[in-house]
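Novice: Using the sequences plus the hints, can you model the full thing?
Residues in the sequence shown are numbered from 1184 upward in steps of one, following my numbering.
Just so you know, these hints were derived from the structure itself, not from any lab.
Values in this document were obtained by computation on a predicted structure and should not be read as measured data.
Be careful, since some hints might not be right.
[As the list claims (entries may be wrong)] Below, simulated DMTMM-like cross-link-like pairs (lysine to aspartate or glutamate); rule was C-alpha separation at most 20 Å, straight line: (1) Lys1502 / Asp1384; (2) Lys1354 / Glu1448; (3) Lys1247 / Asp1488; (4) Lys1329 / Asp1467; (5) Lys1508 / Asp1493; (6) Lys1302 / Asp1384.
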Amino acid sequence: MKVHSRIVWPVLLMLSSSIGNSFPKDNLTPLGAELLGNSDGSIPRWQGESSNTVQLNNEIIEGKPLYNITNSNIDEYKSVLPHGLFALVKKYPESMRVPVYKSYRPAYFPDWIYDAIEKNATSAELVNNGEAVTNTYPGIPFPMAKNGYEVLWNHKLAYRGVYLESGTSEKVIHENRQSQSIRTKVKYAMSYYDKDRAISDLEQMLGYYISSVTHPPKLSGGGLLVHERVNGSVIPRQAWGYMAGQRRIIRIPSVDYDSLMPRSEGIRFADEVDIYNGSINRYDWRLVGKKELIIPYNNGALYDDIRFRDLLDKDFYTKFHPNPKYLRYEKHRVWMVEGILKTGESHPYKKRVLYMEEDSWIIVLAENYKKNYELWRVSVSYVKFYQDLGAVFKVADIFHDIEQKSYFAQSVDGRKKTVIKTTLPSKQMFKPSALRRLGRR
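Specialist: Next comes the structure, spelled out in structure tokens:
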């Protein structure tokens, strides 16, 4: 439950002298974002302390674009656009545009997460040259991140709920054809956010994921199960698949790094789920800095269109990119992190640039470069703040292949009711045998 008195960090500073003046600070939010807006008012003060959440949500849903960035005026906005968005507009000058709306910062999180983050500020440690993290409580580990590794770990361990049942819809769109939509039911338990757990060690579980295809009929019942640790470079993720036609459960040797994701027709790799996930040890990560940029955000209207107006069956998927009239962009402060592939390591992406929104630490955009440092793919996450979940999370993730002029889309599925719980279910739900049971339902 939301308790607004928790927000006032000056009071907390007086009550919590054990950590000195390191964190929290009175000019920061509980997650380490800047509390105040920017100088020209285009970014507001943090609104997660507001009690008018319904009013804020209505304003966001009913808002109209302030302006549109198109190929004809893009040079005026180049300094406030991620390079990936700039490249998409230039690639598709006749159809791609960026509708920019008034900015809102509505995100807030449960009290116990704020308490954990305060402890993490002095307990969390990077080990193995930044490739692993330990001594954390259930919250982002580094509210005052100082380097690229700490910023990236904040994304990897960002709050996305404790337990969630939902549905996803996936589709590949090429210039002259579209694949059949694949719908999947998903269950996800984030063990890292067990609020009663002890401080983490190197073997801490991150979570459990299980999914089963519900459409089309020829694929129905096929499933995937993943057990994942926080530190995948220490203990790699485990994965199992269920082949419905053969009624057989198989162990999958690798679902990480550049493992291909078949339903994306090769456009998305395994480490691009949630834009970036999994082990981080193949790259050297550098903090580029923090900038005020136009990014996808507060896409609540898109969520409503998918959930209640069957948008995915209408005109959302257009040639080259989703229909811009359903998308929302705002100006926000964004952390930028650059990853360069280490000598001796293998991955099709030589360089990656990731953009993390400051109020949630979620990656909202990524630029992925080939070995000659030429931009190859751009990934965009259209997120919103889910009040019932208490987290910022995706509505739709779009993975653009600029060379092929194709994209892979993964979105919420309006046909599947969402179930949210604040406690973890039995681990029995995530045993390999559960794949067979889930596939039969």
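Novice: Next pair to validate is Lys1329 with Asp1467; report whether the Cα-Cα distance is within 20 Å.
Specialist: 15 Å, holds
Novice: Verify the proposed pairing of Lys1302 with Asp1384, using a straight-line Cα cut of 20 Å.
Specialist: 15 Å, holds
Novice: Decide if the proposed pair is consistent with the structure: Lys1502 and Asp1384, CA atoms, cutoff 20 Å inclusive.
Specialist: 47 Å, violated
Novice: Given the hinted pair Lys1508 and Asp1493, is their alpha-carbon gap at most 20 Å?
Specialist: With Cα atoms ~15 Å apart, Lys1508 and Asp1493 stay inside 20 Å; holds.
Novice: For the pair supplied as a hint, Lys1247 and Asp1488, confirm whether the alpha-carbon distance does not exceed 20 Å.
Specialist: 15 Å, holds
Novice: Could you grab the alpha-carbon distance between Lys1354 and Glu1448 and see if it respects the 20 Å cut-off?
Specialist: Satisfied, since the Cα-Cα distance of roughly 10 Å is no more than 20 Å.
The structure fails hint 1 only (numbered hints given earlier).
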